[in-house]
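Trainee: The chain contents come next:
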Amino acid sequence: MQRSGGTLLTAALAILPGLALACALPPSIVMTLPISHYLAGAALTVALTALMAGGAAWLRLPAPMALARWPAGSGADWLSYLSFLIFLALLLTGYAGPRDPMHNLLTLVFWAGIWVALPLLSLLTGDLWGALNPWRGPVRMLRLLTGWQGRIGLSRLGAWPAVAGLAGFSWFQIVSLAPEDPLILAQAAGAYWLVIFVAACLEGEDWLREGEFLHLTFAMIARLAPLHLSTEGGQRVLSLGWPGAHILTAPPLSRATQVFVLLLLAALSFDGLQATFFWLGLIGENPLEFTGRSAVQGVNTLGLIGSFALTAALIYGALALGRCLSGEVLPAGPVMLSFLAIAAGYHGAHYLMMLLTAGQYLLLALNDPLLQGDAFLGLEPFWVSMGFLTDRSVMTAIWNLQFALIVGVHALAVMLALQITPGRRSGLAHLPLSVLMVGYTIFGLWLLSSPTGV
Amino acid sequence: MSQSVIHRRSLLAGLAAGGAALALPARFASAQSAAPIKLGFQLHRTGIGAAYGRWYERTAQAALKRLNDAGGINGRPVEILFEDDGTDPKRGSEVVEKLATQAKCDLIFGPLFSHVVIGSAPRAGELKIPYLVCSEGFHVASGALNRWAMQPGISDVRAQCTSVAPFVTQNLGKKVTLIFPDYAFGHDHRDYFSAAVKAQGGEVVGMVAIPPSETSFTRYFPRIPRETEVIYHVMIGPAVLTFVKELGQFYGKRARPEIFGFIDSLEAVDLNSPGLEFLEGTHFWEGHCRNLQADATEHEKAYRAAVGVDDNGASVSDARDVSTYGHMFSVWETLSVIRQGMEAAGYQGVADRQKFVEAVEAMTGWEESADHPQGRKVFNGRTHQVFAEQAISRVEGGKLIRVHKTAIEDSFYPDAVDYTTQSF
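If you read the protein sequences in the order shown, they are chains A and B. Residue 38 in the UniProt record's numbering sits at position 38 of the first sequence, with consecutive numbering throughout. Residue 215 in the UniProt record's numbering sits at position 215 of the second sequence, with consecutive numbering throughout.
Be careful, since some hints might not be right.
What the hints assert, rightly or not - What follows is a list of derived Cβ distance ranges for each label pair:
(1) G75/B x E380/A: 33 to 39 Å
(2) T249/A x G252/B: 55 to 61 Å
(3) L363/A x E367/B: 39 to 45 Å
(4) L363/A x K198/B: 52 to 58 Å
(5) D191/B x L379/A: 49 to 55 Å
(6) T249/A x G398/B: 55 to 61 Å
(7) S423/B x I283/A: 36 to 42 Å
Claimed, not checked - From the structure, some residues in chain A lie toward chain B, with a derived Cβ separation under 7 Å:
(8) R99
(9) D100
(10) F277
(11) G292
(12) S294
(13) R392
Hint data in this document are derived by calculation from the structure and do not stem from the laboratory. Source: prediction; values computed, not measured. Glycine included, C-beta positions come from ideal geometry on N, C-alpha and C.
The task is simple: from the sequences and hints, build the whole structure.
Mentor: Take a look at the structure:
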C-alpha cells in the first residue's frame, strides 16, 4: 500500500529537543538567503582573527575585575530546597498530569526551561544551576540528620561520573524514542535524581560540582558569561569581565573534563546533524517522509558515538599536528578551555528556536498549569503561535543573530587558545587548531542553515 | 480576538488536564450513565507532523467545546485524551494500545500521517476499537486496513486528484507536465492524476521526478517540454520556497504555462510571503478554502470563529500564523460523525464498539451543516471512505479565491474493498 495524503507536510516543525528544532522550519526562509556568502564571510572572519591574534598583543582579553566579595557561607541553600519541592511537584505532574507533552509542566520545564532557557540565561548571569539544583539542600539536610559527614572516594573519579551522565543524557535526548513523553521523562528524571542524591549523600554535596553532569555543563557554559561567581580563600567573589574572560581564569581541564567538553560539542553537533537532509540521505531515510525515531535508533546511536570519536580525533589530532609542525607542545588541558566558548555559543544558537517555540507552551503552562483559566503570570490566555517561522524579516533576524553568535564565539575561541597557552608558542603550533576552528565555524553555520526533515 | 481567547479559556477549563474527572453540568444528568465518553486522540504533537498536530488539536478542542455545549453524546459529556505519537508508526501503535487498554477510550481518532496510520491501524483492529483517521490517504479505501478503520472526515488523495482533472483539462490546458517528489506520495499524484487526465482526453507530455533530498531545482526545469500548457506540481518540504523562487527565475518575463498545485505545498504558509509572488494567477486544489469566500455559509463562519481562524485562514491572534486549513476540518467533521454514529448505535460503552462501526457503515452522507462546514459529503460504507466537494482556487492578490467547486461525483472511482464483508 502506498502512502499518500498524510505525508503532505510542508511544515516539519519539531518542537522538542532531539527532534531538531533548531532549523526545522516550515518551507525554509533561511534556505533562500545567500548562505554561501555567509559561510565564506564567517570563515574569513575567524581566519583573520586567528592571524591577527597571533601577531597582535593588543588582541587580548583583559582579566576580569572583582565587583564584590563576601564571606563564603552555606548561603543560598533555601533555593535548592525550593527547587527540590518544585521538582517533586513536577515529577508528580509527569506521572499524573496531562499526557500531552506540550501541556505537561515536567516536559516543558525540563526541556524548554532547564535545558534551554536556563543555560541561555546563564550565558549572561553566570552559573545559575549551582544555586537552583534540587540536590544540594536535601543532601546537606540528610547528612546533617544522619551525622554522616564522610566520603566514600567518589571524588577520586573526578569528572568521569559526569561524563557518564552526559553520555546517557545525550542518548536519551537525541536517540531514545520519546524523551518528551511526560511519564518516561518522570521515570528517567526520578531515577537520575535518586542515583545522584545517594551518591552525593555518601560523598558530600561538593561532589555535585564535578560529578553531576548538569552542574558541570552549567559551570562550563557559564564561563562565557560576563559575570562570574567564584570562591577564593574562604570568600565568595563576584567578578565582571568581557565574554570569555572568565575562561582565562579557569584551571586547566583534567582528562575527564576534556572528554566532557568533547562530548558536549559532539552531542550538540550530532543533534543538529541527525535532522539534516544530509544525514537522512546518508542513512537511507527519505527526508520528506521521515519514518520516525523508532526507525533510526540503532544508526543514530552509532552516529552519536561516531560524532564523539570524530570530534576527539580532530581536536587531539590538531594539537598533535601543531606539535609536529612546530616542535612545540600545546598542552591540551588549558587549550581545550577555548572550546568552552564554542560549546556555550553553539548551545545558545542551536536551541534559540526551541526557546521561541516550546517556550511559548512553557509560558502558557506556567500561567495556567491546570488549564483552568488561571493567570499566575498575569498573562491573558493566548494561542501558541508559530507565525514568525514564516515571517521573512523575523527569520532573517534570527539567522543573523545565530550567525553573529557562532562567528563571535569561534573568533573568541581562537583568541582564547592563543592567550591561554602558557609561554609563547609559534603561530605554527596553533595553525592546525585555528584551521579546525574555521572549519567548525562553517560546520556550525551549515547545520543551522541546512534543510531538516526530522 | 479577546472573545476567542476567553473562549479558549473556558474550553480548556472544561477539558480538565490529564483526564481528571469533569464536573458534570445538570444537562448531562439525565443520561443512563453520566460518566464521560472518552475519546482518544492520536496526536502528531512532536516529530515531522507537529505543525499539523498543533492545528488538529486546536480544531479538536473547539469541536469538543461545541459538542459538550450542545449536550454531549447520548446525554453524556465527552472528553478527549490527547496522546502524542511522535509522528512515528511504532509509537503510534503503542498509543493505540495505551488509549484502548489503559485509558479505556471508547474509540480513537485523529492521526494524519499515512505511515503512522498504516503502522497503528492493525493494533486497533486487534484490540477491536474504532479507529477514525483524518489522513486523506488512500490507505482506508484501498482495503489495506481493517473493519475498524474509517475515514469519514476527509476525502482521499485518489479522489482529490481524480476530481480536479476535468477542470484542469477544460480550463487550463490539455498538455500537462507533472513535477513531483520521487517517492510514494509523488507517485500517487503521478498515477492518479495522469489516469484522470487521460480519461478527460488530455495528455501528460512530461514527468519531472525530483529526488526527495533535492534542495535546488533549476537544473530540472529545462526538462519541462515547451509544448506544456499546464504544470501540475506537488512539491513539499522545507525547500518549497526555493522551488517557487527558482521556477519564477526560470520563466523570468517569458510567458509561463498555467500552473496547478496542491495546497499541501504551502499549507501553514502565508501566500503573501516574499518570494511567492510568482504564484499570483496560479491555481491550487484546496480541501477547504483557506480564505473566507464571498459565498461562505453561516456554518463556515461559525466553524472559523470557533477554531479561532480569521478570514485569511490565520490565527485570530497572529495574522502570520496560517493554519492547516485545507485539512483540519476533518477533525471537526470526524467528531460530528462520531456523535451521529454513537447516537445511531445507542452507544453505551465499549461493548457497543461494533454497533458503532455498523452504524457509521450504514450512513450514506451528510449535508452541509454546522456539523459539516466544509460541505456536503457522500459516505461509502463499504470502503469506509467519505467523498467531498473539492475547491479549485486561484491566487489573486495573495488570496486564494475559489473559481470552481468539483462535484462529489467527479471524485468517484471503483470500490477496491468491501469492509462490511469482513469479520470484526
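Trainee: Compare the structure with each hint and give your call.
Mentor: Against the structure, the hints:
The hinted window of 33 to 39 Å between G75/B and E380/A holds, with their beta carbons roughly 35 Å apart. The supplied range of 55 to 61 Å is met by T249/A and G252/B, whose beta-carbon atoms lie about 59 Å from each other. Between L363/A and E367/B the C-beta distance comes to about 42 Å, which sits within the given range of 39 to 45 Å. Restraint check, L363/A to K198/B: a C-beta distance of roughly 54 Å satisfies the suggested window 52 to 58 Å.
Roughly 50 Å separates the CB atoms of D191/B and L379/A, a value that falls within the hinted 49 to 55 Å. Between T249/A and G398/B the Cβ separation comes to about 56 Å, which falls inside the hinted range of 55 to 61 Å. Restraint check, S423/B to I283/A: a C-beta distance of roughly 41 Å satisfies the suggested window 36 to 42 Å. With 7 Å as the threshold, the beta carbon of R99/A comes within range of chain B, its nearest partner Cβ sitting at about 5 Å, so the hint holds.
Interface restraint check: D100/A against chain B, minimum CB-CB distance 4 Å, threshold 7 Å, status holds. For the restraint placing F277/A at the interface with chain B, the shortest Cβ-Cβ distance is roughly 5 Å, inside the 7 Å limit, so the hint holds. This hint holds: G292/A has a C-beta 3 Å from the nearest C-beta of chain B, less than the 7 Å allowed. Hint status for S294/A relative to chain B: holds, with the closest Cβ pair at about 4 Å, below 7 Å.
Interface restraint check for R392/A: the shortest CB-CB distance to chain B comes to about 5 Å, inside 7 Å, so the restraint holds.
Violation of the numbered hints given earlier is absent; every hint is satisfied by the structure.
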